[in-house]
Amino acid sequence: MEINNELFVIPDEDKFILYVPLEGSVVSVSSGVVGALKKIKKGEESSLQPEIKEQLIKTKILVESQSSCNIKKEGSEYEPTSITLMPTYNCNLRCVYCYSHGGERVGQIMEFDVAKSAIDLVVKNSLKVGNKDIHLGFHGGGEPLLRGNIDFLKRSVEYFNKQTEKNNLKGRVSSATNGVFNNLNHRDLEWILKNIDRLNISLDGTADIQDAQRPMAGPNHRFMPSSDYVVETIKILEEEKYPYGIRATITAESVPRMSEILEFFHSISSNKSFHLEPLFECGRCKTTKARAPSPEDYLKYLLEAKQTAEKLEVGIYYSGAKLEGIHNSFCGAAGKNFLVSPEGRVTTCLEVSRKDDDMAEIFIVGQYNPDKNQFEFDDTKIKRLQGRVVENIPNCRDCFAKYNCGGDCLAKGYAQSRSLEDTINNSRCSINQGILFHEIKQKLKGGQNGKQI
Amino acid sequence: MGNKFRLDNIGEEFEEEQEINGIYDFKTTRNLVSDRTFCTGMCECAGKTCPNVCSPYCSEHCGCATI
Chain A
1 MEINNELFVI PDEDKFILYV PLEGSVVSVS SGVVGALKKI KKGEESSLQP
51 EIKEQLIKTK ILVESQSSCN IKKEGSEYEP TSITLMPTYN CNLRCVYCYS
101 HGGERVGQIM EFDVAKSAID LVVKNSLKVG NKDIHLGFHG GGEPLLRGNI
151 DFLKRSVEYF NKQTEKNNLK GRVSSATNGV FNNLNHRDLE WILKNIDRLN
201 ISLDGTADIQ DAQRPMAGPN HRFMPSSDYV VETIKILEEE KYPYGIRATI
251 TAESVPRMSE ILEFFHSISS NKSFHLEPLF ECGRCKTTKA RAPSPEDYLK
301 YLLEAKQTAE KLEVGIYYSG AKLEGIHNSF CGAAGKNFLV SPEGRVTTCL
351 EVSRKDDDMA EIFIVGQYNP DKNQFEFDDT KIKRLQGRVV ENIPNCRDCF
401 AKYNCGGDCL AKGYAQSRSL EDTINNSRCS INQGILFHEI KQKLKGGQNG
451 KQI
Chain B
1 MGNKFRLDNI GEEFEEEQEI NGIYDFKTTR NLVSDRTFCT GMCECAGKTC
51 PNVCSPYCSE HCGCATI
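Line order of the protein sequences matches chains A and B.
Using the numbering used here, the first residue of the first sequence is number 1, and each one after it goes up by one.
Using the numbering used here, the first residue of the second sequence is number 1, and each one after it goes up by one.
Just so you know, these hints were derived from the structure itself, not from any lab.
Don't take each hint at face value.
[What the hints assert, rightly or not] Derived list of chain A stretches under chain B, where covered just means 3 residues or more per stretch with a C-beta under 8 Å from a C-beta of chain B:
no.	segment
1	37-45
2	49-59
3	107-115
4	119-129
5	145-158
6	393-403
No residue lacks a Cβ here, since even glycine has one placed at the ideal position from N, Cα and C.
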């Protein structure tokens, strides 16, 4: 018998939690068990009591031989079957933390040929790899659902639907949006609700929070409140029984109010889960002085909000705590995503799409070539990003949360250390660990659904 | 909390008593099959509703970016 190579030991007051994420096992033990395991590790005679040993074998903390990783490996070919288009950097809001400086300059709207070529590519890839489900998304840069983008959206969605139907694929369309639709007419809104399958709305909380953090651009560089418009949009979506999500950015100012934010969302929405993401300082933060919450504050108030969530019977989502699965990477930024900027640049990270971004060299992996009417990719860059899996990050090697956060956000990590594989300065680690630790303890208490042995 | 959570990182003083205080099996709730993706679970293949509200159908975005 030997110790599972991926066993983690987490001190828990006077006890220890043994955690094997790849096997899904959690065992709370006294220190005597840890001492006996250490002896086994050193090759000394086992002093484990038989009934304890039996349980540790059952939970695969002790194994006859090391098994291969449960994480399914995919091919390394870059063959995206989903696409996210960023129609424009234009925006009707001036969010204090906008990562892409949305709306600061009147910019171009994506040419339809770029969208068409991108759609053709993902359809072709889907047919090649036998993938039936194909997704078209719209995101920022700026606000995708501006009045000025509607013709582009219509052409793109119409072409996407035609191609998926023709090739017997199941297509779905979604869009992120700021939810401020005062620039749209009734027919535009009707088209959106009919042709986009789902919207994800950014709303930061009650009116005072939303209006301070996500103001609308007004005349003469003045800012105007946006909250009433977003709430009105949510009201319409509720009436229409239209599927949508709500996502809030949590700042240093709003973090103590996370429970209140959750209660507010619950009061205006029938959704069963809400996304509360801590701000990462970048983009416009540099000039507005918008500040991220400290990891300690975010964790403290998130755990408090989780109690509120339980009472309200809703869930909270945060990107660093993927408790319901194990992963060796944080997201598709690791050389999988196909995200296209208004000018036809291909990036794997939504937050890095401008050519003058200081992380452009890392995440921008391709470009639409109008002469050839096709996309061209930099395979070396894609391979580089694909190598950013948690197994290759030295600082994550001995961390119990490694398969839950997947090494955390590539862009945020890179921004802090200027290296894809250096997570030592990542301020989100303590949040990710804290949430997982809390979750494991809850599970051990049997407080949530799941199987307690 | 630090980032070293291996047996080797635990000190050498232990009590005699060996006891198991609780066991939990995540396998009943986890999907152990994703690689390089942020499985939002919203996709139909996951067969359940996922709390991720940023990316409804694909497994590409983590939900970190807002507009």
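Exercise for the section: Run the structure past the numbered hints and jot down the numbers of the failing ones, going up. Expected result: Violated hints (numbers, rising): 3, 4 and 5; every other hint is consistent with the structure.
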